[in-house]
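Chain by chain, the residues run as shown.
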Amino acid sequence: MTTSLPVTPTLSRRGLLKFSLGASAFLATAGLGASLSGCSAQTPANDFITLRQGDLPILRALIPVVLAGTTAAENLEAVLHRLDNKLASLSPAMLKLTLQLFDVLALPITRGPLTGIWGGWDNASAEHIQAFLLRWENSSLNLLQMGHASLLQLLQMAWYEMPESWAHCGYPGPPKI
Amino acid sequence: MPVPDLFRDGIARGWKTRDASRLDQDLTLEADIAIIGSGAGGATSAELLSAAGFKVLLIEEGPLKTSSDFHMLEDQAYASLYQEGIGRMSKDGAITILQGRAVGGTTLINWTSSFRTPEPTLQHWASEHGVKGLSSTELAPWFERMEQRLGIAPWVMPPNANNEVLKRGCEALDYSWKVIPRNVRGCWNLGYCGMGCPVNAKQSMLVTSIPATLDKGGELLYLARAERLIHDGERISGLQCLAMDERCVNPTGRRIQVKARHYILAGGGINSPALLLRSDAPDPHERLGKRTFLHLVNFSAGQFKDQVNPFYGAPQSIYSDHFQWRNGVTGPIGYKLEVPPLHPALASTLLGSFGRDNAMRMEQLPNTHVMLALLRDGFHPESTGGEVQLRSDGSPVLDYPVSPYAWEGVRRAFHSMAEIQFAAGAEAVLPLHSAGRYVKTLGEARQLIDDLSLELFRTRLGSAHVMGGCAMGEDPRRAVCDSLGRHHQLANLSVHDGSLFPTSIGANPQLSVYGLTARLTDGLIERLVASR
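Here the protein sequences come in this chain order: A and B.
The numbering of the first sequence is my numbering, which starts it at 1 and goes up by one.
The numbering of the second sequence is my numbering, which starts it at 1 and goes up by one.
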């Protein structure tokens with residue numbers, strides 16, 4: 001799981017390695033913590049197939065930022081259900097990775113240090129969320145880059161699969177046959 | 001007028017099809033030939049074997065979806081017709097891998113481009129990989145037969161505007177370009193080949209070889225994952241399958257035991273080597289799953305004054321091989337230039353960035369064209385491809401490191417695509433990279449591309465062509481199968497799919513799979529008849 005590390009002037013390779021190991025431990029802890037935290041946290045929320053109660057505030061905060069400039073925020077619950085359906089078709093291995101990503105974002109012990117969102121998702125400002133996304137995009141850690149790419153891909157696809165999004169992007173929809 | 005659903009009509013006539021998700025008890029099935037995978041390789045083999053009088057059982061992991069299920073909607077198509085619900089990617093998450101998973105395999109969702117295996121590729125296999133008897137001349141009769149069988153011919157209608165850009169740009173620069181041969185009959189030019197053809201015009205396995213197999217009394221078992229081959233190191237004695245739920249996500253707990261005289265593995269790249277890995281198949285020289293190739297793809301977007309409407313019309317009809325062989329077969333990496341169709345969901349993830357940047361790019365979708373470069377991996381010593389591995393749950397994942405050799409090609413391809421797009425009249429060009437932005441002149445584009453830090457994740461990478469992993473060749477120390485598709489160690493096992501390719505193809509691979517597996521199947525029939 002290593003990729004080429006961009007050389008940054010502020011962080012030596014050694015420092016980077018330490019940080020990298022620390023973050024991996026964090027992620028492992030998060031996965032473990034989440035799996036130990038009882039069944040209730042791992043069961044899907046009411047009306048959802050895969051998404052858990054704890055995932056919803058994160059996604060409700062992310063959607064208006066990731067999909068800013070669209071009307072996704074006005075269709076928040078529909079986007080959540082579309083995403084839920086997408087996740088329900090992933091292989092168990094990919095679903096597990098995705099839910100672990102949400103765990104990392106949900107648990108205060110990992111959320112603060114890794115995202116810079118210290119006070120909970122409900123109160124996070126758009127600026128803070130943008131900063132978190134850019135930080136992960138530019139991270140030298142494969143896991144965070146992958147997390148960033150997955151969040152964007154899942155939310156963008158969920159939204160643009162919905163007919164509600166098509167007017168904005170000039171797509172008339174499939175032809176009648 | 002509603003389009004007739006040929007497949008449902010066939011089932012009504014009494015075809016033997018079985019939905020494993022509905023099994024309420026375990027099952028044992030017997031056949032002369034068990035074929036794992038119903039895509040280009042498996043279905044082609046099935047048609048020929050059943051025509052020769054063998055009792056064929058065709059086993060597919062994915063669901064059965066037919067023309068009346070195809071509504072040209074991305075959400076439905078991606079969830080039901082693609083591997084891992086379109087979530088398949090390289091192990092590090094940086095390369096999206098599009099592969100089909102339904103009755104008909106990837107032929108159900110490919111963009112219909114059909115090329116014979118290029119002659120330099122076949123020559124390279126013979127000289128470098130010990131492949132025997134598969135020269136262009138030797139394969140020609142099988143290519144011709146499959147072209148006739150599947151209606152493969154250069155596209156006669158004018159290209160859509162998205163493809164027209166590639167043609168216009170190449171013409172302006174005096175670069176070579178050609179019309180793509182497509183496997184269609186009575187095509188409506190809709191543009192939804194990637195979501196299942198709603199009018200049965202695409203000559204996928206769903207409307208050709210699978211119906212022919214079922215007409216001859218063959219049997220189809222779907223939503224059944226081939227989990228493990230039982231063997232003693234020399235022969236296979238059985239195949240264990242797991243019934244999958246309706247979504248094809250989790251096993252239901254029901255099992256299907258399959259007994260056959262001969263087994264054909266045709267799950268495609270990644271899945272075929274994975275089944276052998278799960279089965280602890282003999283692999284004395286550790287070749288299994290190695291040298292898996294992707295035709296790694298990078299992309300360049302262009303904005304045009306006139307509408308392109310890249311979501312409509314035959315998705316691929318023009319290609320350029322101008323940069324494919326010019327540096328020799330084994331020189332710096334060559335690439336084929338084509339275009340992808342752009343429906344909103346796929347386009348949104350391709351175009352990159354998030355928030356207002358992504359929204360603004362998406363607002364321009366009707367005026368956006370995208371070009372892609374298929375990098376011909378596997379021909380140079382530094383291009384060794386990836387390795388199929390098993391996750392802890394037994395599912396496969398491809399570890400594919402991108403070599404410096406390939407990155408150099410990615411950069412050259414960005415340059416070529418920007419040059420062609422501007423020559424075709426683009427107002428602005430955007431190399432699909434996180435540091436990319438729309439720039440208005442070729443000079444600016446060249447500077448931007450030269451400055452790009454080419455790394456995983458920053459560069460948008462994809463693949464729709466997984467090849468290799470069960471490479472063929474006469475030397476068992478270097479190959480998994482011989483040039484007849486026979487497994488080097490397991491006597492009653494053949495591999496008939498793209499995982500046999502010792503390198504990538506250098507062209508969209510479907511016709512390579514059809515032609516090669518038709519030839520291999522004819523050879524297998526002769527051997528089976530002789531030993532009957």
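Calculated directly from the structure, the hints in this document are not laboratory data.
You may find that some hints are simply not true.
[Unchecked claim] Simulated crosslink set (DMTMM-like; lysine to aspartate or glutamate; CA at most 20 Å straight-line):
(1) A/96 to B/119
(2) B/16 to B/215
(3) B/440 to B/526
(4) A/176 to B/69
(5) A/96 to B/399
(6) B/440 to B/455
(7) B/305 to B/363
(8) A/176 to B/5
(9) A/176 to B/451
(10) B/178 to B/215
(11) B/65 to B/5
(12) B/216 to B/30
(13) B/65 to B/119
(14) B/55 to B/399
(15) B/91 to A/164
(16) B/216 to B/32
(17) B/55 to B/75
(18) A/96 to B/393
(19) B/305 to B/321
(20) A/176 to A/164
(21) B/259 to B/451
### Query
Is the straight-line distance between the alpha-carbon of residue 178 of chain B and that of residue 215 of chain B 20 Å or less?
38 Å, violated
### Task
Sort out whether residue 455 of chain B lies within 20 Å of residue 440 of chain B, counting only the CA atoms.
24 Å, violated
### Query
Does residue 363 of chain B lie within 20 Å of residue 305 of chain B when you go C-alpha to C-alpha?
This hinted pair holds, its Cα atoms lying about 14 Å apart.
### Hint consistency between residue 216 of chain B and residue 32 of chain B [alpha-carbon to alpha-carbon, up to 20 Å]
14 Å, holds
### Query
For the pair supplied as a hint, residue 216 of chain B and residue 30 of chain B, is the alpha-carbon distance within the 20 Å limit?
16 Å, holds
### Query
Is it true that the CA of residue 176 of chain A sits at most 20 Å from the CA of residue 5 of chain B?
With a Cα-Cα distance of about 17 Å, the restraint between residue 176 of chain A and residue 5 of chain B holds, given a limit of 20 Å.
### Message
Tell me if the straight-line CA distance from residue 16 of chain B to residue 215 of chain B falls inside 20 Å.
### Response
9 Å, holds
### Message
Hint check: residue 176 of chain A vs residue 164 of chain A, CA-CA at most 20 Å. Holds or violated?
### Response
Distance of about 18 Å is within 20 Å: holds.
### 20 Å Cα cutoff - pair residue 176 of chain A, residue 451 of chain B
46 Å, violated
### Query
Quick one, are residue 91 of chain B and residue 164 of chain A close enough, alpha carbons at most 20 Å?
33 Å, violated
### Holds or violated: residue 305 of chain B to residue 321 of chain B, with C-alpha atoms at most 20 Å apart
27 Å, violated
### Query
Straight-line Cα separation of residue 55 of chain B and residue 399 of chain B no greater than 20 Å?
Violated. Residue 55 of chain B to residue 399 of chain B sits at ~37 Å, over the 20 Å cutoff.
In the structure shown, a violation is registered for the earlier hints numbered 1, 3, 6, 9, 10, 13, 14, 15, 17, 19, 21, in ascending order.
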